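Student: Residues per chain, in single letters:
Number of protein chains: 2
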Amino acid sequence: MKFSPLLTELIEALRCLPGVGPKSAQRMAFHLLERNRRGGAVLADALQQALDKVGHCQRCRTYTEQDVCDICASPKRQASGVLCVVESPADIVAVEQSGQFHGRYFVLMGHLSPLDGIGPADIGLDQLQRAFSAGDLKEVILATNPTVEGEATAHYIADMANSCGLHASRIAHGVPVGGELESIDGTTLAHSFAGRKRVE
Amino acid sequence: MKFSPLLTELIEALRCLPGVGPKSAQRMAFHLLERNRRGGAVLADALQQALDKVGHCQRCRTYTEQDVCDICASPKRQASGVLCVVESPADIVAVEQSGQFHGRYFVLMGHLSPLDGIGPADIGLDQLQRAFSAGDLKEVILATNPTVEGEATAHYIADMANSCGLHASRIAHGVPVGGELESIDGTTLAHSFAGRKRVE
Ligand SMILES: [Zn+2]
Ligand SMILES: [Zn+2]
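The listed protein sequences derive, respectively, from chains A and B.
Quick note on numbering: the first sequence equals residues 1 to 200 in UniProt numbering.
Quick note on numbering: the second sequence equals residues 1 to 200 in UniProt numbering.
Hints in this document: simulated from the structure, not taken from any laboratory.
Treat the hints loosely; a few may be bogus.
[To be verified] Some chain B residues flagged as far from chain A (calculated, every beta-carbon gap over 12 Å):
| no. | residue |
| --- | --- |
| 1 | H31 |
| 2 | G117 |
| 3 | A134 |
| 4 | C164 |
| 5 | T187 |
[What the hints assert, rightly or not] Reference excerpt, derived from the structure (chain B facing chain A, CB under 7 Å, subset only):
| no. | residue |
| --- | --- |
| 6 | G21 |
| 7 | G39 |
| 8 | F101 |
| 9 | L137 |
Quantities reported herein were computed from a predicted structural model and do not represent experimental measurements.
Note that the Cβ used here is the ideal one computed from N, Cα and C, for glycine as well.
Pulled out of the complex, with its shape left as it was, chain A reads as follows (with noise of 0.2 Å):
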């Protein structure tokens, strides 16, 4: 015997959750349903509508439930001639705290990582590239994690934007080794876009 289909499905529905075991889906599913109804009825709806609207933005890649987001459609950003390249859409919202960056952003969604096959083409850097050619930018700031990974994804761009005759700058300066962009203060990433240095 085991728990009624419905309730059975939902617990297992859970486990789609990173993170999640048999347990802690077991208890969430009970807590929806004795404690918060309500709550579940929201992330039900929720869920849906992010699944049906949310996509990525055409121009920087980051989530949006529009063509462009509210950065790539502010014409001061987009003339602003300054491209900052970061893995993923929370990176942007640190280093939008930090108050320190008016340009645009390229959102990666990963970095390059040979050994589970993430290429060039999975992180968007045809797009990327596409960027680079179309003559309006004068810099490329690649604040990328300070991780392996990050590193090398980060000179790998700047290689590509050298190419096309761009300058390209590392965040540099209050980043610990290792660690993650996105978790990291505003005053410390202001610091680090401050003291960014060119990558040659």
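Go by the hints and put chain B with the ligands onto chain A.
Tutor: Only chain B with the ligands this time, still in chain A's reference frame:
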């Protein structure tokens, strides 16, 4: 600048899950959108279905999408004359896996906890009283958790049963003090059932 409205709503909504903070919620939302949209759609649907249809069994209070759960609907189980009182629907699954019990259940959906304002009516004891008075029971097995609250609840129910002229027994050997019934293996539970003692 934050995430897009629908993504922000999804991250907020995921926080209704127990043990999920802002960072976990964000990681979950990204994971669903980026790597498992199919799993997310299944989850949204399973959650909606469960919220719409899963309620409590009219007889034993466990979760079911029927009026009466499969165990309560079994004439053999009903005719056994033995009722096992547990705290949670998960405990039924644990007891069933021990293979030692063939009677009916009653699920408290909690335990007495005066400090939290949880009294007899909140754990269905008025309904349990009616079952005791119906005249078709010969024994009540108290399988609440071996915690302070579980023991107090068992004693309270034993008194109710004795007042109705019913034998009440408490599962005993093998259940570690301070543990949770649902995490105990079937063999240990089988010993617990075999070694049960009458509560006077
Ligand atoms: Zn964009
Ligand atoms: Zn039932």
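Student: Which numbered hints are broken by the structure, listed smallest first?
Tutor: 1, 6, 8 and 9
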